[in-house]
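Assemble the whole structure, with the sequences as input and the hints as a guide.
If you read the sequences in order, they're chains Y and X.
Every position in the first sequence, counted from 1, becomes a number in my numbering once 48 is added.
Every position in the second sequence, counted from 1, becomes a number in my numbering once 190 is added.
Watch out, some of these pointers could steer you wrong.
[To be verified] To give an idea of the chain X side of the interface with chain Y (calculated C-beta under 8 angstroms), a few residues: (1) Val195; (2) Leu213; (3) Gln217; (4) Ala223; (5) Gly226; (6) Leu232; (7) Leu249; (8) Asp261; (9) Leu268; (10) Asp277; (11) Met292.
[To be verified] Derived CB-CB ranges, DEER-like: (12) X:Gln259 with Y:Thr180: 17 to 27 angstroms; (13) Y:Arg145 with X:Gly267: 30 to 40 angstroms; (14) X:Gly262 with Y:Gly144: 48 to 58 angstroms.
[To be verified] Not the full set, but computed from the structure, chain X residues with beta-carbon under 7 angstroms of chain Y: (15) Lys203; (16) Leu206; (17) Phe214; (18) Ala240; (19) Thr248; (20) Lys251; (21) Leu253.
Derived by calculation from the structure, the hints in this document are not laboratory data.
Remember, it's a predicted structure, so these values are computed and weren't measured experimentally.
Beta carbons: idealized from backbone N, C-alpha and C, even for Gly.
Single-letter residue listing:
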Amino acid sequence: MCRVHATVRGLLGEIVAGAQDVAVVDMEAGLEHLSRGTVRHVDTVLAVLEPYYRSLETGARVVELARELGIARVLVVVNKVRDDADRRALEEFCRGRALPLAAVIPHDPCVLDADRAGGSLLDQAPESPSVTAIRDLAEQLVGASGISPREGA
Amino acid sequence: MRIAVAGKGGSGKTTLAATLARLFARQGHSVLAVDGDSNPNLGVSLGLAAAEAASWPTLPKDLLVELAQPDGTRNTGLSMAVADIADRYGVVAPDGVRLLVMGRVAHAGAG
Numbered sequence: 049m050c051r052v053h054a055t056v057r058g059l060l061g062e063i064v065a066g067a068q069d070v071a072v073v074d075m076e077a078g079l080e081h082l083s084r085g086t087v088r089h090v091d092t093v094l095a096v097l098e099p100y101y102r103s104l105e106t107g108a109r110v111v112e113l114a115r116e117l118g119i120a121r122v123l124v125v126v127n128k129v130r131d132d133a134d135r136r137a138l139e140e141f142c143r144g145r146a147l148p149l150a151a152v153i154p155h156d157p158c159v160l161d162a163d164r165a166g167g168s169l170l171d172q173a174p175e176s177p178s179v180t181a182i183r184d185l186a187e188q189l190v191g192a193s194g195i196s197p198r199e200g201a
Numbered sequence: 191m192r193i194a195v196a197g198k199g200g201s202g203k204t205t206l207a208a209t210l211a212r213l214f215a216r217q218g219h220s221v222l223a224v225d226g227d228s229n230p231n232l233g234v235s236l237g238l239a240a241a242e243a244a245s246w247p248t249l250p251k252d253l254l255v256e257l258a259q260p261d262g263t264r265n266t267g268l269s270m271a272v273a274d275i276a277d278r279y280g281v282v283a284p285d286g287v288r289l290l291v292m293g294r295v296a297h298a299g300a301g
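The following block contains the structure:
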């Protein structure tokens with residue numbers, strides 16, 4: 049690993065460690081950042097998966113690594129779920145591997161539309177099925193963490 | 191609450207991270223969104239204009255420093271508080287989310 053990359057990761061860890069209130073980190077794709085301990089200062093890891101076998105297997109590995117790092121909450125979010133058959137299969141996989149399934153986000157053409165328009169999903173499709181599912185997840189995360197909004201907000 | 195959103199490219203992790211960040215901010219939280227991806231696009235998913243991306247501040251490498259401890263040992267830390275880093279280098283996104291783009295450090299110098 050090059051030195052600059054190591055610096056980025058060190059910096060990321062320190063910034064997350066010192067963040068007030070809420071920090072949300074969009075991690076680099078892949079598993080390296082987890083195995084190298086960059087995320088040791090986070091209290092929650094969301095492993096975002098797709099409902100097919102290889103993706104779920106990767107997710108199982110993410111969960112395992114995050115647990116090894118001692119992260120308090122390691123949760124699975126399955127995205128782009130097309131139908132009940134998808135849902136049943138992923139639920140069965142998660143049960144069998146003891147993966148904590150926190151959210152199932154439906155396949156939603158609004159996501160691609162927002163991406164194509166180069167903007168935010170929340171602005172472009174605030175009532176879409178995917179945003180509704182993410183809103184439920186946000187409430188679940190806040191509820192479980194016990195944090196409250198800052199005064200006067 | 192400090193959340194890392196992990197996943198393969200194309201899994202939708204960036205859209206999820208951006209949407210969560212803005213929903214937390216709407217609930218009244220002070221939210222720092224950190225783009226740790228080497229191919230940064232969290233800002234666009236937050237609702238910032240892609241055309242502006244070139245003007246977003248770059249995080250200097252020297253924010254990470256070695257600090258001498260009273261007992262003679264050394265460890266790494268930040269040369270300024272995270273709140274100050276967010277003020278100085280953060281981009282203000284919709285709903286008041288502060289965005290820091292980590293990937294830009296890697297482009298700031300050779301190494």
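Hinted contact Leu213 of chain X with chain Y - closest CB pair below 8 angstroms: Cβ of Leu213 of chain X sits 4 angstroms from chain Y, so the hint holds.
Interface restraint verdict for Asp261 of chain X against chain Y (beta-carbon cut-off 8 angstroms): With a closest approach of 20 angstroms, the Asp261 of chain X hint is violated.
Agreement of hint Gln217 of chain X with chain Y interface, Cβ distance less than 8 angstroms: holds, 5 angstroms
Hint status (Cβ of Met292 of chain X to nearest Cβ of chain Y, threshold 8 angstroms): This hint holds: Met292 of chain X lies near chain Y, its Cβ roughly 5 angstroms from the closest one there, short of 8 angstroms.
Cut-off 8 angstroms, beta-carbon criterion: hint that Gly226 of chain X touches chain Y: holds, 5 angstroms
Supplied distance hint 17 to 27 angstroms, evaluated on CB atoms of Gln259 of chain X and Thr180 of chain Y: Violated, since Gln259 of chain X and Thr180 of chain Y (Cβ atoms, about 49 angstroms apart) do not stay within the stated range.
Chain Y contact restraint for Leu249 of chain X - C-beta distance below 8 angstroms: Where the cut-off is 8 angstroms and the nearest Cβ of chain Y is about 7 angstroms from Leu249 of chain X, the hint holds.
Status of the Thr248 of chain X interface restraint (C-beta, 7 angstroms, chain Y): violated, 12 angstroms
Hint check, Lys203 of chain X versus chain Y [nearest Cβ-Cβ separation less than 7 angstroms]: holds, 4 angstroms
Phe214 of chain X as an interface hint toward chain Y, with CB separation required under 7 angstroms: Given a least distance of 5 angstroms, the restraint on Phe214 of chain X holds.
When the least beta-carbon distance from Asp277 of chain X to chain Y is tested against 8 angstroms, hint result: Violated, because the Cβ-Cβ distance from Asp277 of chain X to chain Y comes to roughly 12 angstroms (cut-off 8 angstroms).
Status of the hint placing Leu206 of chain X at chain Y (closest C-beta pair under 7 angstroms): Where the cut-off is 7 angstroms and the nearest Cβ of chain Y is about 6 angstroms from Leu206 of chain X, the hint holds.
Figure legend: structure checked against the earlier numbered hints; hints not met, in rising order: 8, 10, 12 and 19.
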